[in-house]
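**Q** According to this note's numbering, the residues represented by the sequence shown are 1 to 115, in order.
Be careful, since some hints might not be right.
Each pair of labels, with its calculated beta carbon distance range [claimed, not checked]:
| # | residue 1 | residue 2 | range |
| --- | --- | --- | --- |
| 1 | 40 | 80 | 43 to 49 Å |
| 2 | 113 | 10 | 38 to 44 Å |
| 3 | 26 | 110 | 22 to 28 Å |
| 4 | 36 | 113 | 26 to 32 Å |
| 5 | 36 | 61 | 17 to 23 Å |
| 6 | 87 | 109 | 27 to 33 Å |
| 7 | 8 | 56 | 35 to 41 Å |
| 8 | 103 | 3 | 39 to 45 Å |
| 9 | 3 | 53 | 48 to 54 Å |
| 10 | 49 | 89 | 37 to 43 Å |
By construction, these hints were calculated from the structure, which means they are not laboratory data. In this text, a Cβ means the ideal position worked out from N, Cα and C, and glycines have one as well.
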Amino acid sequence: MELRLSDIFEFLYITIGTVGVAIIVWGVLLTVYRLLRLELSKLNYKSIYRERESVRHLFASYLLLALEFLIAADIIITVIHPSFEEIAILASIVVIRTVISYFLEKEIDNFNKND
Numbered sequence: 001m002e003l004r005l006s007d008i009f010e011f012l013y014i015t016i017g018t019v020g021v022a023i024i025v026w027g028v029l030l031t032v033y034r035l036l037r038l039e040l041s042k043l044n045y046k047s048i049y050r051e052r053e054s055v056r057h058l059f060a061s062y063l064l065l066a067l068e069f070l071i072a073a074d075i076i077i078t079v080i081h082p083s084f085e086e087i088a089i090l091a092s093i094v095v096i097r098t099v100i101s102y103f104l105e106k107e108i109d110n111f112n113k114n115d
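Using the sequences and the hints, build the whole thing.
**A** Pasting the structure below:
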């Protein structure tokens with residue numbers, strides 16, 4: 001059986017996409033764990049606003065990292081199937097993800113400057 005370049009790209013697409021999803025899942029699990037700990041500490045009448053914002057920004061950083069992996073996977077799949085429709089879909093996805101990444105990064109930077 002002959003191994004084709006498109007098979008390698010398909011494997012890379014699935015692997016990189018899976019890594020992106022795994023990063024999101026890990027970020028969700030970590031964020032939920034930290035948020036539950038914070039909410040339980042709130043029961044002791046402690047103000048947790050600042051800590052909750054910290055947890056929120058931690059999750060945003062995981063989302064940013066995952067978005068980069070997912071964009072890379074989308075680029076690879078477009079190389080495999082380069083139709084006009086696929087390129088248009090990729091372009092719109094990249095624009096949306098870039099805008100989301102920009103604003104998340106800006107929010108994280110503002111939060112870090114206020115520390």
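**Q** Hint by hint, which ones does the structure fall short of?
**A** none
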